[in-house]
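2 protein chains.
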Amino acid sequence: MITENSKRTEDAQIRQLINSRVKAMQDKDINGLMSNYSPEVVEFDAVNPLRYNGINETRKRAEEWFGAYKGPIGYEVRDLSITTGNDVAFCHFLYHISGIMTNGSEVDMWVRDTICYRKIDGNWMITHEHTSVPFEVESGKASLALKP
Amino acid sequence: MITENSKRTEDAQIRQLINSRVKAMQDKDINGLMSNYSPEVVEFDAVNPLRYNGINETRKRAEEWFGAYKGPIGYEVRDLSITTGNDVAFCHFLYHISGIMTNGSEVDMWVRDTICYRKIDGNWMITHEHTSVPFEVESGKASLALKP
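Sequence lines, in order, name chains A and B. All the letters of the first sequence, read from the start, carry residue numbers 45 to 192 under our numbering. All the letters of the second sequence, read from the start, carry residue numbers 45 to 192 under our numbering.
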């Protein structure tokens, strides 16, 4: 069994990774953002398609996404919950994303994120991520104006 | 470290839970479906709101959802990936859901699902689930017609 002390250490490691992620988002730092994704990551993103397979597809998507913002990206994490074991962990949180797109449209929305990790060679690596907004059944529209 | 043998056992346990889930969905068996959700589960569902907190909200949502189908629910799982540790695990998959709603509309769509577990008193319990479809940026519509 994993001890309470080591659980606290693992939780702190994941928390540090999320802090680094926030900074990488705000700085549009693609290398920083991608530094703890596993080569085999399976990504379910908030926008089409159904999934991205592997780090190359995931990185390309993140580059396009950074490039779609004219100026800085606002990225705020809320209600972070972390669960860690010896070599498997996951966390989930809501994030608020804001900014102006290159086409002039304004982004200001809350998104759900689940990140799943395996410890590989001593480092927590993301092997799966699921990011989404829910949709409204009646209209079939993605719900971009919900607030927690 | 968890051994290869015990990992295979844990993987088989999660696979069995997913098999039971498929059966519970097809049978609209609410008790079967909810039997391995933790009381503290945080659920990010495919439709509004942003999240459900706790098993009561999650169960109520599942009951409404079963009730919204006139006849049987078709539920097929594809590309199941399972990652297990000693006491933390996660899996992800796509599922195809089909059927006729009480309002006459036809459901026939592919959905992404991520399920996260903790082993509590020797049983794998769902403490977090994230279910969604992606949306199309241009139209703002949920993408209900994607195929894997």
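Be careful, since some hints might not be right.
[To be verified] Examples of chain B residues toward chain A, derived with CB under 7 Å:
hint	residue
1	Y81
2	I126
3	N130
4	G148
5	S176
To be clear, the hints were calculated from the coordinates, so they are not data collected in a lab. From the three backbone atoms N, C-alpha and C, an ideal C-beta is built for every residue, glycine too.
Under the criterion of a CB-CB separation shorter than 7 Å, is G148/B in contact with chain A as hinted? 14 Å, violated
Go through the hint on Y81/B and say holds or violated, using the shortest Cβ distance to chain A against 7 Å. It is violated, given that the least Cβ distance between Y81/B and chain A is near 15 Å, above 7 Å.
Would the hint on I126/B stand, with a C-beta cut-off of 7 Å toward chain A? Where the cut-off is 7 Å and the nearest Cβ of chain A is about 10 Å from I126/B, the hint is violated.
Restraint satisfaction for N130/B [CB to CB of chain A, less than 7 Å]: For N130/B, the interface hint holds, since the closest Cβ of chain A sits about 5 Å away, which is under 7 Å.
Interface hint compliance - S176/B to chain A, C-beta minimum distance less than 7 Å: The hint holds - S176/B has a Cβ within 7 Å of chain A, the shortest such distance being about 3 Å.
Against the hints set out earlier in the document, violations occur for numbers 1, 2, 4.
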